[in-house]
Amino acid sequence: MAKTQLNVRIDEELDSRLAALAKRTGSAKSFYTVEAIKQFLEEQEDYF
Numbered sequence: 040m041a042k043t044q045l046n047v048r049i050d051e052e053l054d055s056r057l058a059a060l061a062k063r064t065g066s067a068k069s070f071y072t073v074e075a076i077k078q079f080l081e082e083q084e085d086y087f
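Residue numbers 40 to 87, in the numbering used here, belong to the letters of the sequence shown in order.
Derived from the structure by calculation, the hints contain no laboratory data.
A few of these clues could be false.
If you anchor each label on the Cβ, the simulated ranges turn out as follows [to be verified]:
#1 Glu82 <-> Ile49: 17 to 25 Å
#2 Asp85 <-> Glu51: 31 to 39 Å
#3 Leu80 <-> Arg56: 18 to 26 Å
#4 Leu60 <-> Leu80: 19 to 27 Å
#5 Thr64 <-> Phe87: 30 to 38 Å
#6 Ser55 <-> Phe87: 28 to 36 Å
#7 Phe87 <-> Ala58: 28 to 36 Å
#8 Phe87 <-> Lys62: 12 to 20 Å
#9 Glu81 <-> Leu53: 30 to 38 Å
We put the beta carbon where it would ideally sit given N, CA and C, even for glycine.
Modelling step: build the complete structure from the supplied sequences, incorporating the hints.
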């Protein structure tokens, strides 16, 4: 599947938490960002 780039602005605290998780697990911040978006969309699509 082709990928596109999405730029978002988040506050420093959220970025720090995301960076810490990525460092602990060895996964990229973008991995967790995409997973969070997928989960959110699944929940919203079920609701609407």
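Report task. Sort out which numbered hints this structure fails and list those numbers smallest first. Result -> 8 and 9
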